[in-house]
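**Student:** On the provided structure of chain A, position chain B as indicated by the hints.
Same order as they appear, the protein sequences are chains A and B. Residues 0 to 131 (numbering that gives the first Met the number 0) are what the first sequence spells out, left to right. Residues 0 to 145 (numbering that gives the first Met the number 0) are what the second sequence spells out, left to right.
It is worth saying that the hints were derived from the structure and are not from the lab. Do not rely on the hints blindly, as some may be mistaken.
Said to hold, decoys possible - Distance condition first, Cα-Cα at most 20 Å in a straight line; then the derived EDC-like pairs of lysine to aspartate or glutamate: (1) 108/A with 35/A; (2) 5/B with 35/A; (3) 5/B with 83/A.
What the hints assert, rightly or not - Derived, one-sided and incomplete: chain A residues facing chain B with beta-carbon distance under 8 Å: (4) 3; (5) 34; (6) 36; (7) 49; (8) 85; (9) 96; (10) 112; (11) 124.
Just so it is clear, CB atoms sit at the ideal spot from N, CA and C, and this is done for glycine as well.
Listed below are the residues making up each chain.
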Amino acid sequence: MHTDHLLRTWSCILGVAALAITGEVLIAAAMRRLGDLDHLRTGSGLRGYLGPVRAVLSSPLFLGGAFCMALNFFALLFTLSVVDLSLAAPATASLTYVGNAVAAKMFLKENVDRRRWLAVLFVCVGVVLLAK
Amino acid sequence: MSHRLKPSQYAILASVMLTASVGDTLLSHGMSQVGPVDLHHLGMLFHALANPYIIAGIVLLIGFFASYMTALSWADLTFVMPATAFGYVVVALLSRFWLHEHLSVYRWAGILLIVCAVGFVAGGPSRTDHEPQHHELDVMDLGAGR
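Looking at chain A on its own, in the form it has when it is part of the complex (with noise of 0.2 Å):
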C-alpha cells in the first residue's frame, strides 16, 4: 500500500517534469530563434505588441512547446490532487530544472558552466531533502 503510494507520486511528478522539459526546451528553441522581443514591436502602446504576438503564435517551435507546457498543465492539475503541494510543487520544478540544465546543453548549445553544474547539484540535494 505504502509502496504503491510511492510509486503513484513519483510516476506522477517525473511525468510533469518529462513534459515540462520538453516544453521548455521547445519554448526556449523558438524565443531564442526569435531574439529580444522589444525588437519585434511595431509601434508604442498596447498595439505594439501586436508584433511580438504574431511572430510567437507563427513559430512552429512555440506551438509544438505550447502543446506540451498544455499537457504538462493538466498533469499538474491531477498530480495536485494525489500529492501535497509543498512536495509536489518543488519536486517537479527542481527536477524540470535540471532535466533542463542537460537539455540547455544538448540541445540548445547553451555553455553551462561549472557554476551552473553546482546549482544543478544543489537543487538535486535539495529535492532529495524535499522528498523525506
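**Tutor:** Chain B only, in chain A's frame:
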C-alpha cells in the same frame, strides 16, 4: 553580451517568480476543494475549471507564461530557470501559512539549498552565446557606429 539587466528585465524576472508560485498555490487550494481525481474520472478535471480558485490560478499562470517567454527572448534557459527558484520560498510560506500543510525540517533545508543554487547562477551572464564566428562583421559594425 552585457551582464547587466535593465530594470524592466528585473521586473519581468520578479513577475516570473511571483505569478508561478501564487498561481500554483491557488490551483492547489482549488483542487483541494474539488477533491481527488482518479484516472477513471478524468472528466472531473473539466469540472475543476469552474472553480474560482482554479480560474484565478490559470489567469496567473498565463501571466507567468508571458513573462517567462519574454525573459527567454533575452536570457538563457539555464539562467531563467534558477531565477524562478525564489518562488519555492513563496510556495513554502503560502502552503505553510495559508493551506496549513506541515513542512518538516528536511523540506525547509531542501528549500534553502535550492535557493542557494540561485546565487551561483544569478552572478553569471544571462546569455552565453558562442564566440561570434564572423569577426569581420563585428569590425564592420564598429565602423558603422562611429
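**Student:** State for each hint whether it applies.
**Tutor:** Now for the hints, and whether the structure bears them out:
1. 108/A with 35/A: holds (18 Å)
2. 5/B with 35/A: Holds, at roughly 13 Å.
3. 5/B with 83/A: violated (37 Å)
4. 3: violated (13 Å)
5. 34: holds (6 Å)
6. 36: Since the shortest Cβ distance to chain B is 4 Å, the answer is holds.
7. 49: violated (14 Å)
8. 85: Residue 85/A check passes; min Cβ-Cβ to chain B is 4 Å, inside 8 Å.
9. 96: holds (5 Å)
10. 112: Holds, about 7 Å.
11. 124: holds (6 Å)
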